[in-house]
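Chains as they are written, first to last, in the working numbering: chain A, 1 to 297; chain B, 1001 to 1179.
Derived by calculation from the structure, the hints in this document are not laboratory data.
Please note that the accuracy of each hint is not assured.
Said to hold, decoys possible - Restraint-style ranges between C-beta atoms, simulated for each label pair:
hint	chain 1	residue 1	chain 2	residue 2	range
1	B	Ile-1132	A	Lys-196	25 to 35 Å
2	B	Ala-1017	A	Asp-56	15 to 25 Å
3	A	Cys-25	B	Ala-1017	13 to 23 Å
4	A	Ala-205	B	Ser-1099	45 to 55 Å
5	A	Leu-160	B	Ala-1066	38 to 48 Å
6	A	Leu-102	B	Met-1145	46 to 56 Å
Cβ atoms here follow ideal geometry from the backbone N, Cα and C, with glycine treated the same way.
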Amino acid sequence: MAKDRNSVDYGGPLRRLILAVLILCLAGTFLLWRIDSPRVERFRAQVTDAIVPNMDWAMAPVTGTINLFRDFQSYRRIAEQNAELRRELRQMEAWKEAALQLEQENARLLDLNNVRLDPRLTYITGVVLADSGSPFRQSVLLNVGARDGIVEGWATMDGLGLVGRISGVAQNTSRVIMVTDASSRVPAVIQPSGQKAIIAGDNTAAPPIDFLENPDLVRPGDLVITSGDGGVFPAGLLIGQVAEDPGGRLRVRPAADFERLEFLRVLRHYGTEPVSDTAQVLTGTEALVAQDQEASE
Amino acid sequence: MSEPSPSRLWVMRAAFAGLVMALIFFHLLPLQTATGGWIWPDLILAFALAWSVRRPDYVPAALLAAVFLMADLLLQRPPGLWAALALVACTQMQMRARSLRDATLSTELVSAAAWIIGVGIGYRIALAIFLIDTPALVPSAIQIMVTVLAYPLVVAVTHALMGVRKLAPGDFDSTGARV
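Input sequences plus hints: build the corresponding full structure.
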């Protein structure tokens, strides 16, 4: 029974060696990530893919229960909420009339112009499995992945506005970096002035508007939509409205409801085709060849 | 109290791995998808330190390295950096476990607080050296502070609910030797 005390010596040489090897391995992983980030990130996506969907059976009921309790707290204010909703509903009736009229007018005009909206812009809907788990990263994990044809860089929206971009695709899951994340940059155009800008996430609920050429033309309440520059996002997705913070800086109040993301749409986007050639349409081929020869001489 | 059975040793090691997975699970619940909100203490680091002081044989370095790396991968941190720093902190506490065993609780709290703050600062410095975007200063400082404040609670839970206690004179350690 009475063994030598030194048998559990935590500073022993073998222990130190193992510790040194472990620390070197971890530091090596970090260095490898720093040097070859995509490869390690792919590995991370595969690890997440292997682990998180297995937790789903437990996550769904726990999340549901906690949300139920949160809803229960709001029942206490139910009477005043009811009155508030009735007021809002009356306002909405008026808006609905206006919207119906506009919809009809829009359909008529589209018909007149024989416009065909991009038929390749379809979407896949995914369920939010998990969030990033840290207050410093704004991202969620979706239950659709490479199996469903998800491609890195595609835009995701909730019912109303842009939520973020796919970054990291594994077989069954994919990660969405939200526009509020500090690493997110979205090229945008502000309507009606048509000013181009970059929406740069900074981990706050309302990301600031950067690289705005003429801030005087932009007013709070203006619409911010994606410009499609850079070819990552399709053009014309609603991001949100311009708002001014107390410091006078222009920010975007996102149209998407980030509070409770449950279902997200991933827009299939196969890139905008570049227009590279210039006005060669009207000239015949022979004339073109002649022109080319002239030009080369 | 602690019987000299190797099976208990492995059960407690598995229990530690399970505890960390449960903490990660609660981190990943999609409750807080918007920015802002609560900043939670880093309970994984706090529990690892508390277990390291009490029973170093329950948390061998290899197990700590594995769970920290898993947490890094799942919680979207640069993989390996936080894990290496936390591993250093925990093993330093383990090496001092023998002297801390006889010391008062306040000594342990002070050294744990020092290591938590040290890991937090070291992490930021390393990120800055490798030119990686550091997380915002104020939330990370708050997180370090709440982790320090949560440490006594973690110690209480570890001691009372999980039954992970320091070896007292007369107990048997995992190899069956009397302390």
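Self-check item: Violated hints, by number in ascending order, as checked against the structure
Solution: Result: no hint breaks.
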